[in-house]
Amino acid sequence: MTTFTELLLNGLSMGSVYALIALGFVVIFRATEVVNFAHASLLLAGGYITASLQDDLGFWPALLVGIAGAAVVGAAVEFLVMRRYRGSDHSVLAIVTIGVDILLTTELTRRLGTDVLPLGDPWGDDVLTIGPISLAHTRIAAFVAAALLITAFLLAFRYTSWGVAMRAAAESPETAALMGVRLGRVSLGAWAVAGALAAVAALFLTVFPTPGLERATSLAALKAFPAAILGGLDSTTGALVGGLVVGVTESLATGYQSELTFLGRGLGDLAPYLVMTAILLMRPAGLFGTKELARV
Amino acid sequence: ENDDGDKGDMGAGGVKTGDGVTAETIDLGVLTDMTGVYATLGKSVTQAQQLYVEQTNAGGGICGRKLKLTVRDHAYDPQKAVAAYTELEPKVLGFAQFIGSPFVAAVEQRVDGNKGLVLPQAWSANLLGSPYVRVVGSTYDLETINAIDFLMKEKGLKKGDKLGHVYFEGDYGENALKGSQHMAEEAGLTVVEQKIKPTDNDMTAQVSALKKAGVKAVVISAGPRQAASLVGVAAAGSFDVPVIGNNSAFAPQLLATQSGPALMKNYYVASPTLPIGADTAAAKKLVADYKKAHPEDSLDNGVVAGWTAASVFGEALKKACAEKDLTREGVGKALLTIDDFDAGFGVPQDFTDPKAPSSKESVILQPDKKATGGMKVVQQPGAADAATNYTTGG
Amino acid sequence: MSEVTEAVAPAARPVGRTPPGRPRAYAWAAGTAGAAVLLALPFYLDRFWLQAGLFAMAAAIGAIGINLLTGATGQLSMGHAFFLAIGAYGYCVLAGDGDDGLTGLGLPTWLAAALAVALAGLAGGLFSPIAGRLSGAYLGIATLALIFIGQHVLFNAHDLTGGSNGRDVPPLNLFGMTFDESEVVIAAVPFGSVEKLWYVGLVLLLGCGLFARGVLRGRPGRAMNAIRDHRVAAGVLGVPVARYRAGVFVLSSMYAGLAGVLLALVFQRTVPDYFGMTLSLEYLAMIVIGGLGSVAGAVAGAALVSLLPQLLTRYSDALPLVSAPGTGGITPGEASRYLYGAAVVAVVLFLPGGLVRIAARRSRPRPGTPGEEA
Amino acid sequence: MRDVSVGYGPVRALRRVSIDLPDGAVVTVLGGNGAGKSTLLRAISRTLSFQGGTLTSGSVHFDGRRIDGLSADRVVAAGISQVPEGRKVFARMTVTDNLRAGALGATGSRAAKADALRRVHDLFPVLAERGAQRAGLLSGGEQQMLAVGRALMASPRLLLLDEPSLGLAPLMAARIADTIREINAQGTSVLLVEQNAALALRLASTAYVLDVGEVALAGPADELAASDEVRRRYLGVVDEDAAADATQSRLGALPVLARWEDTP
Amino acid sequence: MSAVPPLEVRGLTVRFAGLTALDAVDFTVRPGTVHAVIGPNGAGKSTCFNVLSGVYRATAGSVRFGDQELTGMRPHRIAELGVARIFQNLALPPRATVADSLLLGRHRLTRAGFMAAGLRLPSAAREERRHRERVREIAAFVGLERQLDQPAGTLAYGQQKLAELARALCMEPRLLLLDEPVAGMTADERRSTAAVIAGVRDSLGISIVLVEHDMGVVMRLADAVTVLDFGRRIADGAPGDVQNDPAVVRAYLGEDDRTGDGEGRP
Ligand SMILES: Nc1ncnc2c1ncn2[C@@H]1O[C@H](COP(=O)(O)OP(=O)(O)OP(=O)(O)O)[C@@H](O)[C@H]1O
Ligand SMILES: Nc1ncnc2c1ncn2[C@@H]1O[C@H](COP(=O)(O)OP(=O)(O)OP(=O)(O)O)[C@@H](O)[C@H]1O
Ligand SMILES: [Mg+2]
Ligand SMILES: [Mg+2]
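Chains as they are written, first to last, in the working numbering: chain A, 1136 to 1431; chain B, 13 to 406; chain C, 1458 to 1831; chain D, 381 to 644; chain E, 7 to 272.
Calculated directly from the structure, the hints in this document are not laboratory data.
Even for Gly, the Cβ is constructed at its ideal location relative to N, Cα and C.
Straight-line C-alpha distance at most 25 Å; calculated SDA-like pairs for lysine to any residue:
#1 A:1426 x E:23
#2 A:1426 x E:65
#3 B:103 x C:1500
#4 B:367 x C:1625
#5 A:1426 x D:472
#6 A:1426 x D:468
#7 B:209 x C:1735
#8 B:209 x A:1248
#9 D:468 x D:413
#10 B:167 x B:402
#11 B:331 x B:124
#12 B:103 x C:1641
#13 B:209 x A:1393
#14 D:468 x A:1165
#15 B:80 x C:1774
#16 A:1426 x C:1587
#17 B:277 x A:1260
#18 B:174 x B:209
#19 B:103 x C:1765
#20 B:171 x A:1394
#21 B:209 x A:1138
#22 D:493 x A:1309
#23 A:1426 x E:78
#24 A:1426 x D:514
#25 B:303 x C:1787
Derived contacts from chain B toward chain A, CB cut-off under 7 Å, selection only:
#26 55
#27 211
#28 212
#29 220
#30 224
#31 237
#32 241
#33 245
Given these sequences and hints, build the entire structure.
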């Protein structure tokens, strides 16, 4: 039982990190309907900036610069690449992001070399122990941060015109322009925000219990795909729920793998996809996504 | 393009030569991964081998010929790897390095055909058996056996105990698992398996599971960061059992991170040779030279592995030269005659039996900030009885 | 890199669209010339080039398949690698003579190949209920699940797949001729496996290309495009949408299966690492770079995407501003990654509509148009 | 706007068209299919590029300020808003969000926007009661109302209307007409492209007739309304011949479509 | 082509979350006639069409085309029966050429499958030729043969409407559903389109259900009219009677429009 609770809590906290990454996807998708494969490298960028500055600046300033930096990288990608595309096809733009990802990742891994960079975070490897259950402080922090950021976005989307502008721009740039939406600004903003979120996620992916930032860190972005999808690609709430579901599934599937041997071991990162497929069968647009229309 | 050395012509000094060998140079191929998942290993190994080549050439080369390395970085992509092999194979005498055992397996048939010696940088028993694909040092299963033997002798693991084994999906992990399963039978342990993928960086769930199972010690056959995470979580969760890893499960860079202390406390590493920081003349010289050549790069056991492999190849060449036969076959034969070669890292290598690894010994190391390369020896080279009478199921 | 063009252009030709505005005869001449070159190549190129060419041909076949699905029917699929795997491993299992300790039915290799393709099709059919319900990015990422399931099985179903180190591929055996290393000398040129396979590859690619082109230009192609452009309307116009989607999914899986078989024959060994997400993404990149919905596009894109990395690796030492590994500068490997990434971005940005549009551009300026038939 | 020419790639859609729109007036543009009416509006609202079209020559001024060169959103900021051809509502967004989107470009205060919203709601009550419905699920006419309402949300100084009565029931069309009068009375100038020429000419002070990209006729609305050509082509007065056409067809005057005998 | 059966709509009801789009609607379309369905915006006309063509499922009621029950049939099955329609909001793929769009209309009449097309069997080629020929005829009939090779997206709105009509005709329908066929056309375009429709009815003798807000056209073409309001049938009968029905005037035409010309008089 305690194991279960421990796995559950751990899953939830890990899930909140996935939720942050997923939110990054969601923001870009909402604004441009593009599935962003370059998110992994944005993550790496944010982490790298933070990690390489924390020695001189100290953790918090470094983190801020890291977030800002990742935002700039994201914005740069939009401005230098995405904006230049004249076509209308979103799957094509998705491929562009693959190219971008290759470029960024190569550059960052080159700089990283074989190092493992510590983040110098204040939480260290402290754990909170309640009876038999222990939970790392970093994880609690992750949970809180994710909760705050996502609520912030929910509010922003509900109470500012930003969300509307984004969706309008995504659905029909031409008509959105007629409404006075500044297309460039909207997608630029989206990419910047995605970058910033990636930086935050990177932080929590590289602090305890993981040793630090290194070239493989960005692989975690893969786990956010099922999260974003099963929640619904255009839904903020979806990102949160999706992230948590993925986190918990993964954690349980790993923790109980000896009980699940008939499925073969190492289900950890397969399980989320199975759950996702199951959910999509019931709800083709994810749990909270906007359904396709059938009106003529 | 097939090439049995008999067709080989007489080169300088009446030495029979074939592919990859001219009067002036001996060409060796290096198929490495410096931009993919094994970049850390690939970089060190390659740089060490380049260092060996420079020094050998400075010393007049081998058989009056200069050694030449052609490096191809396949970034752990099968298509690139096979393409690169196809490209280099006709031009080189053999391969001083080949990272990625699946790819080695992929070209094994062809190697047997063209007889170009390959020294893979992987220690899986599945690679054994071909006279032209030779594993340098003990394989993962043997290493694991020695590791567990150490746990039992030194760390109070005893008959009837449960032993956790966290291992990578794939050749490395599964071969290591064979070792622990064998040892479990021998010594009456029960193994609690936890399979992970290279993408898993956070071992919390695994630790909870092992804790639940009540294991007394843990073997980890994964990458450095998984090891670090595992040890860190275990320590933080006041679950202090000894953890031991295979030689690929540690990197000195980790000591700088906040899992450093935990690693130094109760983490051990089994390695096929003495560490880079060993106090043998050869080791000290290598350290000095390597530091000079690559001041900013870390000294890890990849350097040792690369150096050892290169010197083994060099040794084979020298022997072949003595036999006046620098053809691929000649080199192959020569290697089969090497039965006690030590590149300076305390473990004699014996290549007379293609079905067996060149050694069954392991050294047990412990992370230590102060030591060069971040590891100090806690148990001198040796093979557990279980290891000596274990025949690798190639 | 003159070789690139040399290797790409002819490969693209046999099924390539004749650029509008050009006299037909001229195109014919070009076509036959290209064919002649292709037939002659094994006598001149060494193994590396032929192997690279074969990889490209296999990729082209797979790309044509996914272009039918994603390009023409608008169903984004990231699971293509899964079906390639089924083709490759299916062939090994069916043709293998279990003496390597792995399951093998020891069927005649040509039959095994055919059945492997059918098997891939079947797998596609099994998935199509899901494919039928989803669309767009959702379908794309749902198909990612296939990749992960595939990887899981490839690594764990040891008897079938040989686990992480994969299993040997039985050489193809046609008309008493074995496509392995055993050499036959033709016109003083030793013919090894690749030389022989080269012609098999050519025939298959040509066949697949023409078939797909027929489909795209005919009644099914129109129905597929209709489904892509306006699903509801397609139904009202009498197109059985669900059945067509399933059909296309099966067809594209079979193409993937065939590509898998050919790749396996070239590799001579199947390894699980190959059939990962990256491969699927590469196939998407191929059709986008080449041109969505067109056969010629698929072939051109495949040639580019699969040849470029190999060439960049081969000539990595010669690449600009690279420095020997360890000296802190850009290593050859990294340089080739940069160029590859840049190429992907550049082609998509500056040739909207893909490589096939270079020819078509002058005649009709509608940038970024997906889904016109080859 | 002066001597404006527009091309879509090779296609020439407008040739040296000049239009004057006095402040606070209602001007209508008539013309057959493909005459270039929508193109004209796109040229003003700077959305040609989305259709692959370009302004090849000429200039557009809006109260003294040159606006061909601005980006679409700046034009909106300058106080011009458009009801695009064929509705173009944001199908996946709710009706309310569509209206919010309409106000995006507006410069006015929150209060002003609230007023605009109220006005739209009593103009088209259905939009109020369907607030939460996805716009794509609205009926054709309802979507048209939404499109018009959305444009009104920006409370523009110049309103470009591309066939606002398209697919509207007669009552509703009349309602739109009243609305145009009303907002025009409040000082908004209107450029109206309309197939329902009768309605258009009733509203407009001045009218232009486009024919394959060129201004064929121009003048005060009532004069044009009187001219035969316009009466026949755009007002479709002489219904008789239409009826006649219909009857003639029985006699085979029309191109007759032979039955399809399926005999391979 | 088999004789045209009558279309009988009985007690047809369609509900969407919360709202009733159609409420127990009855009407019958006699073979070979033009039957107009009119009503205010949102009355349920298109919804009715969507049920007839299988896009929506009816909540209750039945639709019989001859001895076939249409409710609950998949759209393509209904198309098989020879029911064709044009859409109120254009549904033409903008990038495909007009010719291709029209050929798509031939789908139900052609047979070539993946195999036949892929292997370029002569049968497929022959089929293709014959049907392209017919497509040209039909394009000529509606007056689009010059635009056949243009991408539909570049046609002006009105022409796209015509293209849709042509595509529907390409299905060689027995029942043709027209949702606002003349919307967005100038008066004389309306007249000629109306003539085309009349021509279709006369030369093919098929039934046509017409939804249109242009009373002029309705009055010209319709043999019978059904009026919907808020999903309920408020009138049904001959054009003349319906037009003067006070309920209809109140709900739909508006007082000033007794003349029956939607465009009124200047
Ligand atoms: N995107 C485009 N690409 C190419 N040609 C176009 C495009 N849009 C319009 N055209 C052409 O430009 C001309 C004018 O089109 P436009 O839509 O302005 O006509 P219109 O007067 O609005 O007709 P309608 O009354 O049917 O709306 C037409 O000949 C049309 O074919
Ligand atoms: N799929 C749907 N979901 C929810 N409501 C719908 C849906 N389809 C139609 N409606 C509603 O049903 C009512 C009838 O719609 P319908 O399209 O039939 O009207 P209509 O008679 O065609 O009007 P118009 O003349 O404007 O086209 C409308 O209020 C519309 O909002
Ligand atoms: Mg128009
Ligand atoms: Mg309608």
